[in-house]
Amino acid sequence: MAHSLAAVPDVMQPPPDREFGAGVYNEKVGMWIFLGSEVMFFTALIGSYIILRVAHPDAWAAPGKMLNIPVTAVNTFLLICSSVTMVKAFAAIQDGNQRLLLRWLIATVLIGASFVGVQIYEYTHLIEKGFIPSEGLYGSTFYTMTGFHGFHVTMGVLCMIYVTWKAFRRKYTAQDHRGVEVIGLYWHFVDLVWIILFTIVYLI
Amino acid sequence: MATSIPRTGQGGGMAFGGDAHAHHDDRTFLRKYIFSTDHKIIGIQFLLMSLLFLLLGGVLAMLMRWQLGFPGQPLPAGGGMLPETMAARGVILPEFYTSLVTMHGTFMVFFAIMPLLVGVFGNYLIPLKIGAPDMAFPRLNMASFWLAVPAGFLMLSGFFVEGGHAAAGWTSYAPLSANSEYSGVDMGQKIWCVSLIVLGLSSILGAVNYITTIIQLRAPGMHWFRLPLSIWSLFVTACLVLLAMPVLSGAIIMLLFDQTIGTHFFLPPKGGQPLLWQHLFWFFGHPEVYILILPAMGMASDIIANGSRKPIFGYTSMVLAIIAIGFLGWGVWGHHMFMSGMNPTLGTTFMISTLLISVPSAIKVFNWLGTMWEGNITFHVPMLHAIAFVSMFVIGGLSGVFMAAAPVDIYIHDTYFIVAHLHYVLFGGSLFAIFAAVTYWYPKMFGKLMSERWGKVHFWLTFVFYNCVFFPMHQLGLQGHMRRIYDPNQYEYLRHLQPLNTFISISAFCLFTAQIIFAVNFISSWFRGAPAGNNPWLDNGLEWTLPSPPPHGNFATVPTVYRGPYEYSSPLVEEDYLPQDRQLPPSPGAPRAPARPQPPLMPAPHPSSPTH
Amino acid sequence: MSVPSPAPAPAPVRHAHPNYVGIFVGLALLTGLELTVAFLPWPKRTLILMLVGLAVWKALLVALYFMHLRFERPRLRLLAVAPLPFTVILVVTVLMEHFGK
Amino acid sequence: MRDFLSWLLPPGASTFTGEIDWLYNTILVITGIAFVLVEAALVVFLVRYRRRPGRRATYTHGSTRAEVIWTTVTALVVVWIGLASAGGWHRIKARDAAPAGAYPLLITAKQFEWHITYPGKDGKIGTPDDFTVRSQLHVVVNRPVAAVLESEDVIHSFFVAPWRIKQDAVPGMRIPVWFQPTKVGTFELGCAELCGLGHYRMRAVVTVHTQEDYDRWVATRAGAVTASR
Ligand code: HEA
Ligand code: HEA
Ligand code: CUA
Ligand SMILES: [Cu+2]
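Quick note, the sequences are listed as chains A, B, C and D, same order.
Taking the working numbering, I'd label the letters of the first sequence as residues 3 to 206.
Taking the working numbering, I'd label the letters of the second sequence as residues 753 to 1364.
Taking the working numbering, I'd label the letters of the third sequence as residues 14 to 114.
Taking the working numbering, I'd label the letters of the fourth sequence as residues -12 to 216.
Hints are computed from structural coordinates only; laboratory data are not their basis.
A couple of the hints might just be wrong.
[As the list claims (entries may be wrong)] In silico BS3-like cross-links for lysine-lysine, where the CA-CA straight-line distance does not exceed 25 Å:
id: 1; chain 1: D; residue 1: K108; chain 2: B; residue 2: K942
id: 2; chain 1: B; residue 1: K1022; chain 2: B; residue 2: K942
id: 3; chain 1: A; residue 1: K131; chain 2: B; residue 2: K1022
id: 4; chain 1: A; residue 1: K67; chain 2: B; residue 2: K1022
It should be emphasised that the depicted structure is a prediction, and the values quoted were computed from it without experimental measurement.
All chains should be built: construct the whole structure from the sequences, respecting the hints.
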């Protein structure tokens, strides 16, 4: 009988007894769709930045004049590292290696957290320098964009801690590691946003 | 018959997941009715919430209408209850009036019509109509509702804070909204922002859920082009919400920062741009107005086909029209900014795109007419409202064409002509469709029939008084009567319009009173309505094959779909409807059995993970 | 009648993963390149073009490999890129305010 | 009471009247026809095809021919409306639309009043003999005026109904607006953009003079110069 099969569906595949949808399991579709809305959110922030900057080019200091490039370069590097550790974790659990998964996840959490730490350090120094949100367009856009990116990283770290906890309790297997893949997508997206931000905010 | 265990994403890594059990349900009252993950309960929860806010929006409108109809006169009742900051000795104050306008618009758009269309029917109809056990992410769904409620009450709280509620219009134009020194409103303005950010999050979670569900959980045989138009429109609407809402959130966050931590996004002194706010707001705002009409169009289509006992006319073009509106809707926002000082050349392009967008709407209108043509029209209450929807939307749409022509908009922009337009599309369009939809699916939701007689009384009173209220507003606008003014008599050239304003107000009070009939009918039918049975309207949709109200988990066995939802008066059967899941004996000309899910699930052409 | 469900997925066998470390090195190098380019004494315009180019390159690497879009079905890729046109519409149109005088 | 239920625009008093009213009337006719056709068809169908015992609806899924027809017709009509509007829009609103030698004015809006700065004798804004008047707009009949709109606080909107002109005044922007009155008399200038609790009373008196009594008015004003800005 069909239902004996349906009873143990391959959860990493589209729902079995349904029309063929996106061809992957629901959580993955959902995350990609959610990322769509995230794209639009950052478009509002980054777009406003571009528009304001084009209108008032002189309101921005030259690269390195105000912002501390070396520190953020390190931070960028950190985020890239966390991305690769994340994807390594995913690869590990694809092979059903739970211990490796746990290790890579912990690494990701730590690196992600340190990114936030560095950003807080950067903020405090900038504020000491008198570079504050109310300083002008420069400050307004800078803190809003990087701040909300940092907020996303923080959220990511929190979810990641939850996933790590589940990994620690051996909830993920080669057959079902949806949580790992889905949080990974989010994490890489946040990394991707930073890649854009780093260029347009710090280097241009 | 294979019973399938509904497997809508059992506990993913994140907050996703949650499992619906089709077998007997043993949930506590709290999990069943309050923190339920059942899309049907959540839909009904949304219904009650948004009807309450609709009522509130109506009350605010009545207060406005009193001031406009009887300027400077103390409120006939309850005026004493209002604090001095709102009404001095019962006479509404200018600052309170601006809050009234703002909050009337805000509540109606964000907390009444939007949740009514998307929250209620998105939730209730999608899984039932596509043959799914529940939403793809039931717990996310619950979260979305329990974010909307606090947002609503937060917005409500604004009335009771120091300095009164937000008073910069529902469009909250900066700098008025950005700097409390200009508006005299501080806390209220911030509450407006925070509340809408929360609501935005709620709607986005909802949209993710709807889109995923429609893509992933369609029952076998429910191809894209067998989906009911209500589902199609809800799908496109969800996409609009998904992409438009975050832009509003982003803009509002910047506005909030301008108000609180002194940023300069929209404040000119240090280079901020008031027009940037308008661009961001309307980039969200125009898709938003289509969010407010598309589901209405879709559900009206379902009901008109049913009422006419005839297949919908031009199903494919209806679908394409929905999609076209969904896309074009992103390229027209500038038509709200013709007078804003925006680059005039930009104005020309926006004018053309705006005019073009009326074509898909035209297609829909004509197809509705085509559906009724040579039909066998039953005038049940939902059908009456659906017909009113068509005729009133046409008026609203056509008045839109006047403003789309930029030179004419020079004159009518920000006059009551706009107010007339927006009420013809939002009340005459959306709200009539909502009345239609509520009365249509009420039996399914509560298992009881609403009173047809009182339904008809409510319909006719609403229809007549509605036109008495909003049609003359066109004339007001043509005489140059501006929007959002507390007392038109300040202007000599508007004084002679006072009688018309008074007439409008009196009609408005009657209109409001007529709504009490609906409220009473709605509530009393819940208790002493006649049992509905499975399929009171003899409809083809999958939801009507279920008992009313449907059990938790909906379908005991996954239904198989053999045809589109509009097979009324089909020659294949002697009764005049043919449910989507009825299998006919293979006779010549009979629609063939559904194709098996294609392409075959396993093995996937591309493995969905980098394994090869 | 019911649509036959697929057989349960075969237990995953050992398989090659894309060279993630390679991608990582690539990203790091590109970042280094950006850092040097940013301070070259060239006209601002060319710098911006180069930097944006590099950023897009890195973004693509992340999307295609780390988010493994490269291995997904076309329909999922479509889902992923769907919002992009709208971002362009918004930014470009509003920029017209300043250019299209 | 008379012009209550009229569908026509009230009498105009500027050179824009012709263009805008013509366009308005044309659209009124077009949409009027569309409206009558649609609603009439609706009513006829509702009556003719109402449910009657023994009747059965015709089973049809539509007609491509009909759809193509009404789609193209509508498309053509709206595109035509667009083309018909584009010219006028440009003539009225284009940044450089004001005719050469138009009389300059500076109109500054602030909560909740209009400050109009006049060029004085030399006919130039920004010279010492400018003078600013509160909530009074004086212009010469049949003489084009090229005003610049400014705002000191929030967005306001310059609206003179009989002139068919409306333009927002945005803080941080200097927006050109031009018009040419064709009728002598007094009118009202209103604010059409919500600008705060005093929005409803942000009005000014508009006086359209003949050239000579405008000069007379300027003379009386030029004596008592109210400090300009
Ligand atoms: C449900 C919401 C909804 C809908 C569907 C629409 C639909 C349309 N709207 Fe409307 N609009 C609003 C809600 C809506 N609007 C709101 C709330 C505002 C005010 C915002 C504020 O400032 O507060 C507004 C304001 C508004 C403006 C700005 C006015 C101003 O502020 O100066 C404009 C200008 O172009 C406009 C145009 C249109 C057009 C062209 C359509 C078209 O989509 C209409 C298309 C439909 C038809 C044309 C009718 C059917 C067609 C036929 C019967 C065929 C024959 C037709 C022809 C030959 C033309 N609308
Ligand atoms: C869908 C949206 C919607 C709806 C339904 C309405 C309904 C009404 N509006 Fe609306 N209005 C707007 C949206 C809406 N409005 C918007 C967006 C604006 C612009 C705001 C701005 O300028 O910023 C506006 C502005 C506006 C103005 C202009 C104010 C000004 O510019 O100064 C006026 C003036 O008369 C007005 C009047 C009315 C009236 C009399 C109603 C009447 O129809 C109200 C009748 C009463 C009801 C519809 C409630 C009935 C209740 C139920 C049916 C619930 C039953 C209850 C239970 C079962 C529990 N509105
Ligand atoms: Cu100034 Cu309204
Ligand atoms: Cu619009």
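Outcome of the hint check:
1. K108(D) - K942(B): This hinted pair is violated, its Cα atoms lying about 49 Å apart.
2. K1022(B) - K942(B): Answer holds: K1022(B) to K942(B) is near 22 Å, not above 25 Å.
3. K131(A) - K1022(B): The given pair, whose Cα atoms are some 20 Å apart, holds under the 25 Å limit.
4. K67(A) - K1022(B): holds (20 Å)
Checked against the numbered hints given earlier, this structure breaks only hint 1.
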